[in-house]
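As a plain string of letters, each chain reads:
4 protein chains.
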Amino acid sequence: MQTFVPSDPDFDRRVRTSFARQNIMSLLQATIVRVAPGQVDVALPVRPELGQQHGFVHAGVVTAIVDTACGYAALTLVPPGTGVLSIEFKTNLLAPARGSTLNARARVLKPGRNICVYAGDVFALDDHGETLVATMLATIMVVRGRPGLVD
Amino acid sequence: MQTFVPSDPDFDRRVRTSFARQNIMSLLQATIVRVAPGQVDVALPVRPELGQQHGFVHAGVVTAIVDTACGYAALTLVPPGTGVLSIEFKTNLLAPARGSTLNARARVLKPGRNICVYAGDVFALDDHGETLVATMLATIMVVRGRPGLVD
Amino acid sequence: MQTFVPSDPDFDRRVRTSFARQNIMSLLQATIVRVAPGQVDVALPVRPELGQQHGFVHAGVVTAIVDTACGYAALTLVPPGTGVLSIEFKTNLLAPARGSTLNARARVLKPGRNICVYAGDVFALDDHGETLVATMLATIMVVRGRPGLVD
Amino acid sequence: MQTFVPSDPDFDRRVRTSFARQNIMSLLQATIVRVAPGQVDVALPVRPELGQQHGFVHAGVVTAIVDTACGYAALTLVPPGTGVLSIEFKTNLLAPARGSTLNARARVLKPGRNICVYAGDVFALDDHGETLVATMLATIMVVRGRPGLVD
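Residue numbers (the numbering used here), protein chains in the order written: chain P, 1 to 151; chain F, 1001 to 1151; chain B, 2001 to 2151; chain S, 3001 to 3151.
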């Protein structure tokens, strides 16, 4: 495991402030539960309102929390005054998303000046432990000089 | 454009009934606006509750509606008594998702007995017309003999 | 179908010159068969040397020709003095790649100043017509000021 | 790291025999350098014939060796009398593929009765060590009862 030194010493506050502006996270009732250089975890209590037709959490919701985790993992490593933007991602759905809580964990594969690549895993927690239910591979762009897109 | 003949003459009702069971679509306030063989459209009014940190609709929400559109496009073409399950998808985000309404449109690329491939596009509508904001390429599995996963 | 105006009037020669430097295309015996603004086709005669274990053309070879087609489709639309680089792609394999010739056809989905998105399809030709055997969704970066990466 | 028990005790011979039938691996001069339950490595000496226009190994070749590694990693875990087929993959290109040798390493993320998910990494080796140049996320189908597609 590589160690990454954030170029913004204030990265933790910066990530949490931006997360708080993601209204969709409030609607889903997701919270940010870990912020470290190149790594962010997002937790989501499972509830019926998030379900697809079979009662599992919808793949779009699973994608939402792991995309947010990947984006903020990227934000921990970019300089002050820049922002990040997901260009694309792929999600593999490995098992039904059910249980009590989903935990999305993102980690940096390649930090870059312009293009970053992140991996994210989503685990479902229940009484028996945790199950990997989805994995994401995401490409994120660092944005400079576009005021509306900073942080 | 190929024409597809649904093996279930009741495909329209079947798709709409299943869509009505996706609680997440109610939470997002998305509706199904077209059902045709191999094609389904889902519409989503844009509102602040769906936003990411810059105020655009979150990529996970964009993914949710186009994944649902792809899944139900697949469901139009499978036999009665079977179900469909997204295995994986890739979403490219092409422009900020804003405007008044998002429209997700799915179409079949390859219907298969076991594995189907669908493409989905998401358009943002505003006063000036529509803009392609995202495109998805999705792999969907046909499920047989698993009662909880039918329709 | 949108029409695109190349910013480099010499785009055809530029693409063909660069293609000629892709040694792998010679090894595979692939040729460039069409160059138009935002669109490039690459043809590959099917032969046993390209096969995987069941005798079909290997998915990596299919990917090679459609990635090259996408990259050069992007190169038709970028300014002189810039280059293009594939960041990532996803390939769905839809049918066995066999027949007499494979034809990879790329088209622009979104031309961008920095990030471009292309779609590519690979068709297999035999006596009965053509079959779609693979489809690619690719993200391509425009490269500036890096002399080794121009064209 | 999970441990996997192959259902075919003869998995090593089975994988190597099938690899030997992939003519494309001979054309590229790739060899299989490790076979373990759920894991396969493929090595490829870098040479000019494999190059794209800037002299790096073409992304399609990088994809070919890591797709083969993923496919055979899957084959180590499936029962005798079955085969495997790549349905789709996504490759992120992280750094130029150059150096003396490329090493593709695949590992199982989810073994499944019907659908398996594998991750693959490609490292470039030179005098200074190894660099991660690409990463793949792949979906593989287990094939039963189709004689031409076994092993």
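Honestly, the hints are just simulated from the structure, not real lab data. Please read these numbers as outputs of a predicted model, since none were measured by experiment. There may be inaccurate statements among the hints.
[Stated by the list, open to error] If the Cβ cut is set under 8 Å, some of the chain F residues that face chain B in the computed set are:
1. N1092
2. L1094
3. L1109
4. K1110
5. N1114
6. V1117
7. T1139
The beta carbon of each residue, even a glycine, is placed where N, CA and C say it ideally should be.
Which numbered hints fail: 5
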